[in-house]
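> The primary structure of each chain is shown beneath.
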Amino acid sequence: SAVISQKPSRDICQRGTSLTIQCQVDSQVTMMFWYRQQPGQSLTLIATANQGSEATYESGFVIDKFPISRPNLTFSTLTVSNMSPEDSSIYLCSVVGTRSRESTETQYFGPGTRLLVL
Amino acid sequence: GQNIDQPTEMTATEGAIVQINCTYQTSGFNGLFWYQQHAGEAPTFLSYNVLDGLEEKGRFSSFLSRSKGYSYLLLKELQMKDSASYLCAGSGGYNKLIFGAGTRLAVHP
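Which chain is which? The protein sequence lines are D and R, in order.
Going left to right, the first sequence walks through residues 520 to 637 as our numbering numbers them.
Going left to right, the second sequence walks through residues 7 to 115 as our numbering numbers them.
Among these hints, one or two may not hold up.
As the list claims (entries may be wrong) - Derived CB-CB ranges, DEER-like:
hint: 1; chain 1: D; residue 1: Asp583; chain 2: R; residue 2: Pro115; range: 44 to 54 Å
hint: 2; chain 1: D; residue 1: Pro527; chain 2: R; residue 2: Thr50; range: 13 to 23 Å
hint: 3; chain 1: R; residue 1: Gln31; chain 2: D; residue 2: Asn591; range: 35 to 45 Å
To be clear, the hints were calculated from the coordinates, so they are not data collected in a lab.
Heads up, the beta-carbon is just placed ideally off N, CA and C, and yes, glycines get one too.
Bound conformation, chain D alone (with noise of 0.2 Å):
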């Protein structure tokens, strides 16, 4: 499986503001995509990410809140705008498996990003 970094692991941040979170990948992958993980909870996904065109956003997420940039095939970035404590989360990448024997559809995560909003 592709090896997944994401940075920063963890931010603590005030209401109001932005943070961008970066997901880089060591192989060139088409799809990635941006999920939600709030305490306690499941996984939700946000958006799909692939190179080279708009992201598409599910249902209750929005660009304006959730700006996502895919400039190449290894890296992306998701920024969480306009912060408030509901936003407090742990965001996680995920990639779809590279390697033949593997099936098209596998998602690998990345090791997400821990965030607290005051």
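Given chain D, work out where chain R should sit, using these hints.
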């Protein structure tokens, strides 16, 4: 619609066998995944079923019945380190994953 249900919590004894069930109603469904997530860590891939039947991988096995909208994850010879959340996820097309709420498994000595 897309809905995935699994039990919230389970407990089991070290060395025993436990089965975690998952039922789903997912349109455009391509396959079903199981992930393991230890507290404070990212989910790690366990298994993927796209055809009916049982897939065995060491101590872990996963079963799928598409006609019944049903899957289970079977963990054998339980170890303390198996205490974690187990997430059932349906592939909803375009590689999107729809996750269930997760089952927290506690393994006791």
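> Quick one: are D/Pro527 and R/Thr50 within 13 to 23 Å, going by C-beta?
The hinted range 13 to 23 Å holds for D/Pro527 and R/Thr50, with Cβ atoms some 21 Å apart.
> Return holds or violated for the Cβ distance of R/Gln31 and D/Asn591 against the range 35 to 45 Å.
38 Å, holds
> Is 44 to 54 Å right for how far apart the beta carbons of D/Asp583 and R/Pro115 are?
For D/Asp583 and R/Pro115 the Cβ distance comes to about 51 Å; the hint holds.
The structure is consistent with each of the numbered hints, conforming to all of them.
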